[in-house]
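With the sequences and hints as input, model every part of the structure.
Protein chains: 2
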Amino acid sequence: MPETFSQQALLAIQDQLRDHCFTNHTPKTAANLSWFKQQAETYGLQHGQGLHLLGQINPSPGCLSQNAKKISALIQAGQALSVDLVVFPELALMGYSPRDIIGRFPFLVDENLKWLKALAQQTQTTQALVGFVDKNTSGTGKLFYNSVALLGHGQILKIFHKTLLPNYHEFEDSRQFESAGSLAKTRPEPNTFALYNTTYGVIICEDMWETVSPMGQPLYHTGPLTAILAQQPDILINCSASPSRQGKLARRHALCHAVAEQARVPLIYVNQVGTIDEITCDGDSGIYLPDGRQLCSGASFSEDAVLTQLPSKPAKGLAAGEKSSDSSTVGPTVFNAFNSFNAFKQKTTITRFSNFMETVQDDLPRTYAVLTQGIRDYFQKTGFQKALLGLSGGLDSSVTAVLLVDALGADNVLGVMMPTAITPQENQDDASQLAENLGLVTTTCPIGSIIAGFHTATPAVIQSINQTAGNWQTAQAQNQSNADENIQAITRATVLRQLGNTYNALPIATSDKSEFYLGYATVNGDMSGALAPLGDVTKTRARALAHWMNANRDAKNAIPERCISKPPGADLKQDPETGKVVTAESELMPYPFADEIIWRTTCLKQSYTTLLEMQLDYENAHSLSRAQKQDWLDKFFKRLSSAAFKWFIAPPILIVDETGSLAKSAYHHPITSNQIAWQGHSETEIFETLNSGNTIKGN
Amino acid sequence: MPETFSQQALLAIQDQLRDHCFTNHTPKTAANLSWFKQQAETYGLQHGQGLHLLGQINPSPGCLSQNAKKISALIQAGQALSVDLVVFPELALMGYSPRDIIGRFPFLVDENLKWLKALAQQTQTTQALVGFVDKNTSGTGKLFYNSVALLGHGQILKIFHKTLLPNYHEFEDSRQFESAGSLAKTRPEPNTFALYNTTYGVIICEDMWETVSPMGQPLYHTGPLTAILAQQPDILINCSASPSRQGKLARRHALCHAVAEQARVPLIYVNQVGTIDEITCDGDSGIYLPDGRQLCSGASFSEDAVLTQLPSKPAKGLAAGEKSSDSSTVGPTVFNAFNSFNAFKQKTTITRFSNFMETVQDDLPRTYAVLTQGIRDYFQKTGFQKALLGLSGGLDSSVTAVLLVDALGADNVLGVMMPTAITPQENQDDASQLAENLGLVTTTCPIGSIIAGFHTATPAVIQSINQTAGNWQTAQAQNQSNADENIQAITRATVLRQLGNTYNALPIATSDKSEFYLGYATVNGDMSGALAPLGDVTKTRARALAHWMNANRDAKNAIPERCISKPPGADLKQDPETGKVVTAESELMPYPFADEIIWRTTCLKQSYTTLLEMQLDYENAHSLSRAQKQDWLDKFFKRLSSAAFKWFIAPPILIVDETGSLAKSAYHHPITSNQIAWQGHSETEIFETLNSGNTIKGN
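Going down the list, the sequences are from chains A and B. If you read the first sequence in my numbering, its first letter stands for residue 15, the second for the next number, and so on. If you read the second sequence in my numbering, its first letter stands for residue 15, the second for the next number, and so on.
These are calculated hints, taken from the structure and not from any lab test. Worth double-checking, as some hints may not be accurate.
Lysine-lysine pairs mimicking DSBU-like chemistry, simulated, CA-CA at most 35 Å apart [to be verified]:
(1) 619(A) x 643(B)
(2) 172(B) x 149(A)
(3) 652(A) x 131(B)
(4) 570(A) x 262(A)
(5) 172(A) x 149(A)
Partial pick of chain A residues on the chain B-facing surface, computed with a CB cut under 10 Å [said to hold, decoys possible]:
(6) 122
(7) 183
(8) 465
(9) 511
(10) 629
(11) 684
(12) 692
Nothing here was measured: the structure is a model prediction, and the numbers come from that model. Every residue, glycine too, gets a C-beta built ideally from N, C-alpha and C.
Below, the structure is given as structure tokens:
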């Protein structure tokens, strides 16, 4: 490679590449190619020099022409630059994951094969690895493979299938895909190919995670990675679509480094970026060298094209355990891309948290990135521009407003204040201040008269029902109170829907994870909307995120401190004695307590009994009687059980947390399990129950 | 077996068994046992006579004490009757399926082991096969097994694991369970055990379906059934939880008969009954004999205890293909149980439909059974008694009202009429007539004044928004019209929620499958509720079901014919020219057309182009221009794409159909796929798109 080829020039090429392929999600396929050819000529770029292009794209599921145009733009640019190989993520052409649409509408798979063929026709001397859905025509097994095609010389040269099909949390590969390893008789040749005197080995996402332990022990018995290494490739490639979760990137980095080191060859890791419904891939593609260095890295949470050089023939064949002293055999030129957001990527070791607040503080930049990415992609991929939400002056609506503004632009967000007679003036002032800070369009729609309509219409109805039949008598006062509170929340959501219809804008749900867990979100009310950005963000994390955004956004302190620090509440009812609005925590339990319990039950799998007997972090900071603790724990599990039906009808929840999400794509909880005895039973109780037939506490 | 042991006496014992174990879902564990002992003495029942008891129970997921008490009651009764073996369904103790709760809360698995141990302690000379969740302690793979335990002599004698883990449609076994076949090194002994000189082979549900082809070709490569038959058992047992779908029972019967015939031994098939959220198992347990007869059968859609006798040592060892001429070697005594509802079980061959209306007419009794079971179980398992719904005098609310009455009792159903100024008097009359026929409690709540509240409050708000910023201008008139229509539907749902809170009753959604498919259901409106009974029932099927119920219920013609035959519509807007209420079909397309397209796309996998080019059943009955057909098809797929977000937030939908359900437990459709080009593209279009960069039609 010529010495004159400066890193600055490469970065300029990359800027152009990015603009060429991704600007406004509209690839300019036919433009700019002559500029790239000129650059290649100026710097003497040629095939066989080890130039690789990583195409970190953001696809929409099933939207083949959109995805294919991005792929095509990168292939053509790569060709103009004399790149040897352009590598795309898992299922780049179909988008990961299409979930069940390919099974219900197999015509999509036929279409994806047509597009793949057309992409192949565009390749000449540059080759490309493109993820797509292949058909399983063997006569046995699921109808499709999760595959990667090698395109070159105008043709589909080779096809590789995924072996390890993850089926847990947000993954459901085995619903539609057959494993490459399942049909021993028809198994294709090893997943390797040769290009410019270099042998490449190809694996697909989970294939690298042989030792993954998302549930406490390694999941797999087969080893596609080991099998591929037995072929002694010069370079290893992993085409991935790896979702972002708390702690995941650090684990992935550590694994990629370990694989490169163990395999003694560079690992090219290309990851999808962007959100498909609830699931966000972070990108962060990279090339990992056997000596522990990372050669280049793609952007976090943004499409990227990473141009980099690898030696065409790195040293290999060292015996296991042997250390190479000659690190110069791998190309030292690092072509870093657009790492606008990668401060949190530094950690390469796995941190296990032993304290709840650490889990919150650790992860705020990534939380922010996932949420803004998720909002932006939901709107772009469904074709909407504008969002609206209710502004209460409280924490959740304030945090959501900032996220919407940063994802969509202030011009595209409408904040609606909907006070009633009991709404404190302070809250309206806070909401107004927030809106002013953010530059939002706002409006005020007092809802008192609408609510009055319900209260005028229904008492006579209730009275008439009460008179008719023994079975229909007004339930206890608490229920009536709930009904009145819910009317307010539903009326607000209805006004938002009405304005949403009027302006072709999507109303956004503001309920947070703590509220979902405790069933403290109103059906058809605050939990209603096109998307629930905070559905996997606890109150504690939302509060920390508010402070983080106030400190780290360009415009500081957009959220008035009073919005963050006031006791959360829905402003739905007054305490008859004090006249003050009732807070959520007085009805439930302190959120720091509840949020710690959420973390302990979901991440640490601790049970009711363990929680009752142990010393909680909360107890280190607050004095708490055992009776009070037990009461809160009872309430937590009781509310959780009867909240499950709300999770079922929740809008898409952007998955953020390590394992504790309630998002339907990641967690399936039967509603009819709501009589589970969370406290458990002793062996004596169980024996007595079965032999006496008496009913014991719980069910 | 003594000749004096008459079938009448056996049926009397069975009646008692059923009452003992299932009445009001509260097993009376300690009662009646002396009566059973007395019967055993009277008729000389003894162990080793081949008496078997099939415990077809209806469990709640994770509700261990409820489920264990039913199991215990049957074991104790079996013991009193000198039964050799009591057989329960797959995961009888935990309920099938617990979905992800066992992964998130592994304490439930610990608890289930405690209950299993206590159940074992109850067994003496009678043994029992009980489905439960076992732990995988091998250090590799998913943490749990889907297992069956053999209990006897007070102990857990043996444990069998499931091998084939279905993972398609409503099944997701491999999310939480490891396959028995996956760990060759640690694989336990063959799934056989000996009892009273008889060798039994045990398989679990899908293990029998080696050749199952739910997606078009056989799914599996391994053969646990073949493996078990190599052990030459005398009797084969399958513990199942097999959901009901159109055509499924016929396929299952055919398979069970085929397995018994091929294996040359009797097959004891015990199936779960009841609904867990969206999924309904039908029961229909039975014993299939190798000569093609069925020895006994459990009830359809009802808990049952089937007492039957099998010879302790049937003939076996016949070479494959050989026919036994000695059918007397299997016990001829058939102890039929409570088949109140099994007319549709007669078919044992698989029918493929070639005509849309045949699919509807074929399946009405089972549709009715699934829906009433689903409603009843949702209420029982969540602890609610009362339901309420809006009565419009239209088809969907009328059908739903009948189903609610039959599932819950008329006393527990409240019908609310909520007319506006444009509601035709005819519709109110029809609703009143229906309510009178059903003996419902009804009330009327005119909603005009509530809607007026919205219309009074929002115009000023809209005006103020329009004045503020360029980005926020009222969208086209259609949107404003949608907003006004939606307000009415949402207001109705809000009144229902308010009354639901007041009376501790669950509001029920009335939207049908056609409306869900076409996005013609209002968010927070008619599609809102605890349950959507008609969510997997098209308008065409709902209409046929109405006629079937009118003809077949004890009280004939409960639904006024006018409710069934009037053009469907939501009574939300008037045609400005005619003054008449706008019908759904004038806004969409004829439902018979849409419903046929739903069937053809989901069951026959036909694509847009195929549908456009073929002769539809609809076209055989109606004249239809190609332009009109294309317009409707375009509208169908466009509406389907943007309706997906409504499926995501739909309440539980009771799964009825063969494969076309939108229920979230069975079908996952990414919302962000809504720019799919359903019409497809030609190779020329694709090539030109990629090479010119021009945008083509669709995306």
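So, going through the hints one by one against the coordinates:
no. : hint            : in the structure
1   : 619(A) x 643(B) : violated (55 Å)
2   : 172(B) x 149(A) : violated (42 Å)
3   : 652(A) x 131(B) : holds (27 Å)
4   : 570(A) x 262(A) : holds (29 Å)
5   : 172(A) x 149(A) : holds (14 Å)
6   : 122             : holds (7 Å)
7   : 183             : holds (9 Å)
8   : 465             : holds (8 Å)
9   : 511             : holds (6 Å)
10  : 629             : violated (19 Å)
11  : 684             : holds (4 Å)
12  : 692             : holds (8 Å)
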